[in-house]
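K.L.:
Use the sequences and the hints to build the structure in full.
2 protein chains.
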Amino acid sequence: MEMSFASIAALLAAARSLVITGHIHPDGDCLGSVLALYHGLVAAGKKVQMLIDDDIPAMYRFMPGVELIGKPADAKLVCDALVVLDASDAERIGKVGAVVAAPVINIDHHTSNVKFADYWLIDSQAAATGELILRLLREMRTEITEDIAICLYTAIATDCGFFKYANTSPSTLRDAAQLMECGAQPHLIAEQLDTRPLATLTALGKVLQTLEFHAGGQIATISVTREVGEYAQNTEGFINYPRTVEGVEVAIMFKEAEDKNVRVSLRSKNIDVSSIALTFGGGGHMRAAGCTVTGSLKDAQVKVVAAVTEALDRTPL
Amino acid sequence: MEMSFASIAALLAAARSLVITGHIHPDGDCLGSVLALYHGLVAAGKKVQMLIDDDIPAMYRFMPGVELIGKPADAKLVCDALVVLDASDAERIGKVGAVVAAPVINIDHHTSNVKFADYWLIDSQAAATGELILRLLREMRTEITEDIAICLYTAIATDCGFFKYANTSPSTLRDAAQLMECGAQPHLIAEQLDTRPLATLTALGKVLQTLEFHAGGQIATISVTREVGEYAQNTEGFINYPRTVEGVEVAIMFKEAEDKNVRVSLRSKNIDVSSIALTFGGGGHMRAAGCTVTGSLKDAQVKVVAAVTEALDRTPL
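If you're matching them up, the sequences are chains A and B in order.
Residue 1 is where the first sequence starts when you use full-length UniProt numbering, and the numbers rise one by one after that.
Residue 1 is where the second sequence starts when you use full-length UniProt numbering, and the numbers rise one by one after that.
Hints are not guaranteed to be accurate.
[To be verified] Simulated restraints, written as ranges between beta carbons of each label pair: (1) 170/A with 199/B: 45 to 55 Å; (2) 213/B with 230/A: 35 to 45 Å; (3) 7/A with 315/B: 48 to 58 Å; (4) 187/B with 247/A: 12 to 22 Å; (5) 199/B with 315/A: 39 to 49 Å; (6) 2/B with 170/A: 31 to 41 Å; (7) 115/B with 230/A: 49 to 59 Å; (8) 199/A with 285/B: 29 to 39 Å; (9) 269/A with 2/B: 41 to 51 Å; (10) 7/A with 240/B: 16 to 26 Å; (11) 66/B with 294/A: 47 to 57 Å; (12) 183/A with 112/B: 24 to 34 Å; (13) 283/A with 143/B: 42 to 52 Å.
Derived by calculation from the structure, the hints in this document are not laboratory data.
Beta carbons are placed, not taken as given, at the ideal position from N, Cα and C, and that holds for glycine.
P.N.:
Okay, here's the thing in structure tokens:
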């Protein structure tokens with residue numbers, strides 16, 4: 001059933017014990033939203049447990065309360081409500097769904113949300129689920145403590161690329177202003193999030209040596225061998241480097257995986273790369289997509305660069 | 001004489017012809033502020049000329065009106081007022097001061113401002129001079145057009161590191177929200193500012209190979225040879241890479257210059273690096289300072305790393 005902020009607040013007010021969860025491969029928005037709602041509900045006197053069926057990446061461990069997030073065990077848990085945040089379908093919460101026996105409330109901002117819950121509030125206009133949690137806490141008249149402010153600022157800032165992505169709205173920026181007034185310190189949050197292991201930076205230096213250009217400089221590629229990829233720990237932001245080179249329309253990262261597979265990430269400024277990814281059995285968004293190609297790094301590079309070159313030829317820019 | 005926004009607005013209303021200038025080595029705040037005030041004064045029917053005694057970096061050339069900024073010629077210019085933005089002393093505007101014969105109005109946010117003008121409005125609490133121009137335009141009841149919004153958003157976002165620096169305040173974020181409502185599109189502005197020449201990225205890859213650690217990982221250094229430095233075109237952001245490595249307290253970049261000199265940039269998380277820079281004849285802020293050391297890259301590295309190690313030993317973190 002579709003819910004308003006007021007009706008979600010009423011459901012939460014009626015519940016005495018709750019489990020809050022988010023998606024596997026948790027990111028800043030998932031964790032910040034789970035933690036902020038946790039702090040709000042605990043302050044309202046509820047019995048609350050946080051469960052996520054995955055490890056918490058080190059970069060997010062500065063958020064207050066993060067050490068209280070548990071993993072689901074095998075024993076069944078009974079409570080009044082299971083609140084699922086930032087997850088667009090039931091599979092995204094791993095085995096938490098099987099372990100918790102309770103009506104499911106889902107709050108999310110993904111366009112792809114399949115409305116799997118008993119009660120849902122989905123707003124794809126929001127830059128982050130964190131924005132929706134802030135609106136819910138206002139509805140609940142919860143005091144926005146410093147802990148809540150830090151968690152929600154992290155949730156919002158990470159999902160809109162620190163206000164650099166197209167999903168940023170004037171209200172995103174005004175929410176951030178309010179959270180600062182409640183105690184969030186953007187420079188300290190940014191410092192935590194931008195810190196990386198030495199290995200990641202060393203690997204970035206190596207990967208930048210693999211830069212290649214095609215289609216008259218419109219396509220830039222980087223390649224990550226299996227050895228460098230494992231050493232790097234995290235190669236997630238690497239694709240932003242070829243993407244920001246002058247004149248580049250499509251950036252591609254080739255990453256060697258197990259079993260003779262190469263994971264391919266595509267980013268574009270204008271052309272639709274999701275349809276290219278689709279022809280290789282992948283998918284994604286118009287300007288950010290991915291696929292897996294069987295073969296060597298070189299094989300994958302030849303095939304995907306050819307497909308992107310053809311797409312560029314077809315598209316008047 | 002110290003001025004309020006209202007009295008600056010009154011001075012500008014009384015002037016019929018004006019020259020607007022900013023500092024040499026112009027950055028986003030300087031250029032965005034100059035351009036926004038230009039658009040506002042032209043809309044008010046003033047005769048306005050923009051002069052900057054330097055080249056405009058390519059990355060800022062997307063701002064509306066930037067092609068109208070001229071360089072000072074040798075002929076004297078007479079007008080009713082010379083408006084100096086984002087410059088803290090008379091030397092910072094190059095020869096514009098000598099060429100323009102008019103009372104000087106200075107609007108700035110640098111703590112180091114020496115109050116050199118006839119009329120000044122200095123607010124070191126502002127994250128950017130752009131924030132002060134927005135307040136001035138509100139006072140003047142100027143319509144914030146899309147052109148003005150783009151220029152002021154750029155001014156503010158560049159000077160607060162896209163809201164990641166400690167100078168960001170709740171009102172910085174609310175100003176940004178208003179500018180979005182007037183037509184600034186943060187993702188397009190960010191895309192323009194983040195674009196870099198291929199040479200810069202290739203050079204970054206090379207420079208990352210020079211990463212070295214000292215003092216048990218608390219100091220990270222990178223080195224830029226003269227050859228790589230010239231090739232790179234712009235090495236300004238490079239110091240952020242060692243700075244963000246886990247456990248690093250002080251990052252140092254050594255850049256070979258002409259005449260056996262090495263330019264040294266220092267960034268710290270907590271300790272005062274300006275006092276270290278001072279011992280080498282340089283200066284700066286507590287967490288961002290610089291100096292020039294005579295000798296080879298190796299000489300400079302040995303001397304400065306020793307001084308920073310000593311400072312770390314003295315400072316309980």
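K.L.:
For this structure, which hints from the list above don't hold up?
P.N.:
Numbers 1, 2, 5 and 10 - these are the hints that the structure violates, sorted from lowest upward.
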